[in-house]
Amino acid sequence: MAMVEVSKVRKVYQRDAQAITVLDGMDLEVPEGEFVVLMGPSGSGKTTLLNLVAGIDRATSGTVRVAGTELASLSEGALARWRSHNIGFIFQFYNLIPVLTALENVELPLLLERLSRRERRERALTALKVVGLSDRAQHYPRQLSGGQEQRVAIARAIVSDPKVLVADEPTGDLDAKSAEEILTLMETLNREYRKTILMVTHDPRAAERAHVRRHLDKGVLKAS
Amino acid sequence: MRFLPLVLKHLRRSWIRSASTILALALCIFLFCTLQSFLAAISRNLKTANASRLVTRHAVSLVFNLPLSYHDRIAAIPGVRRVAMANWFGGARKPGDFSDFFPNFAIEAEPYLDMYPEIGLTPEERRAFITEPRGCVVGPDTATRMGWKVGDTFQLESFIPPYRAARPFEFVIQAIYHPDEARFPGADKTLMFFHHKYLYETTGRRIGVGTYVTEVDNPDNAGTVSKAIDALFANSDAETHTETEQAFRASFVAMAGNLALLLNTIGLAVTFTILLVTANTMSMAVRERRNEMGVLKTLGFTSGRVMGLVLTEAAVLGLFGGALGVLLSLGLIRALPHAPLIGPFVRGLAGFGLPLSLGAGGFALAIGIALAAGLVPAVLAYRARITDLLRQV
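Which chain is which? The protein sequence lines are A and B, in order.
So the first sequence is numbered by numbering that gives the first Met the number 0: it starts at 0 and just counts up by one.
So the second sequence is numbered by numbering that gives the first Met the number 0: it starts at 0 and just counts up by one.
Do not take every clue at face value.
A few chain A residues facing chain B, derived, Cβ under 8 Å [as the list claims (entries may be wrong)]: (1) Ala79; (2) Arg82; (3) Ser83; (4) Val98; (5) Leu111.
So the derived list for chain B, only partly shown, Cβ under 7 Å to chain A, looks like this [to be verified]: (6) Arg12; (7) Glu291; (8) Leu298.
It should be emphasised that the hints constitute simulated quantities derived from the structure, not laboratory data.
Yeah, the Cβ is synthetic: ideal placement off N, Cα and C, and Gly gets one too.
This is chain A alone, in the form it adopts within the complex:
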């Protein structure tokens, strides 16, 4: 069964009077538990595709079905709730909230669940353990290295136990060693926790970790 099904998707952005077609009739199928990498030059539509799959943007036409849900059928509120249960998003620049500790950052998505404070703390600590940062729970982002920040961001992405992890150049802002650690962590999440991963990257070494590599060019998807 496919975890992600993108069918005949078009995405057109309107810039003033000009219509810019970013994706034109895109098809993509990602089976459950797959680790797929999307590569391609800047402006090829990688991030747009990622945003559509993550439900943070909507397709102009076509269908996007993720974890069995047709995203176009959901209202804005329902889509937000769906994201909180099904998608873990990993950003290039980590996007941690600077005034919150690592633990509080990881706990953030759990504020949307009906959980006691203690349950939230326990789950957040477990997620931090998974990424090997339980000893940094009370540290603020400014007290962490880039690699550690990204690991906290990954803990935040997995804390709600989503089915799909979506990563937009997760190693793009890291040195080689930290990047290796992050990629190893993502491999572990895919292999041991059966997370379906869709990752955008420019880094060929990162791409080697994936099962499937797809190349996007001018909105058209090719196998590589």
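Guided by the hints, dock chain B onto chain A, whose structure is given.
Just chain B, lined up with the frame of chain A:
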């Protein structure tokens, strides 16, 4: 409540900005509560005026006295029940020192006390006062402040030249009046009354009457009687101006211009300015965090929830600002009666204080201003698309 720690942490992030906004709001509420308390006290003071009492003064100015002979002529006008003389004495314990000032009046005791049931005296107290030429009656607040009791003596000296004698006036406290709070809410408890005759004789029988207080038998006739009094003395050396007691008291307020309009205009201007300042602060705070709002929405926070967080932040600022403003106002209102210069005036405002409703109103106003200021940034945060918010990185 789950999101409150998040909101508080955001406010602590730019604590100088948050503190400035809270202070600005506090200043606004402080001014609002203090100025409105003044207006409320003045308004309450005016409301204690009796509709059946008229006050007659010199047409030119209150500074000039009226002849004693007017007394019986006013009393003879149809519709007049009784007339009493009353002079504002302006006495102080030490000449020129008004630090412990209290309002004091020389009155024609019997008719005056009949006209003013709010000066609550037992028949024995009343008799004791009337029969003692140097006797006086003191309000309970003044008696408490001065530590006086019945039988105590004290001296007063007026700063008004005609009321000055070779020696200070000496008084014996014959009674401390007790207004019936239920019948006369807001009655002044700081006043002191003594005999007009004592003033008249001590000053060598040279003084006249500052005001005549007239009680009419029917409040509906107040206008007719007023006109009759003034007509009686028209074209004389000392023409009169007669008005209701309420109008007479209001004229003191009017001496300082339209006080209510002035105070309300100041209040509105300050409120509007603070609204703009707070709106600007909230907009800046939200603009700086556009990316974080994009992250929250990506994590599954609905647009409504993000909007709610911004409004909660604004409400918390309003809450702190309101509380601080009300506390500051309360502190000032309690301190003012003891302040040098303005203290005596404030003590003369019966029941001057911060009413609970006004404090609650100030508090609500602070939250209202903060919410209004936060509304535009909150709506912008609500409407913004995630991809646009994240593009700000």
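Please name the hints from earlier in the document that this structure breaks, with their numbers sorted from lowest to highest.
none
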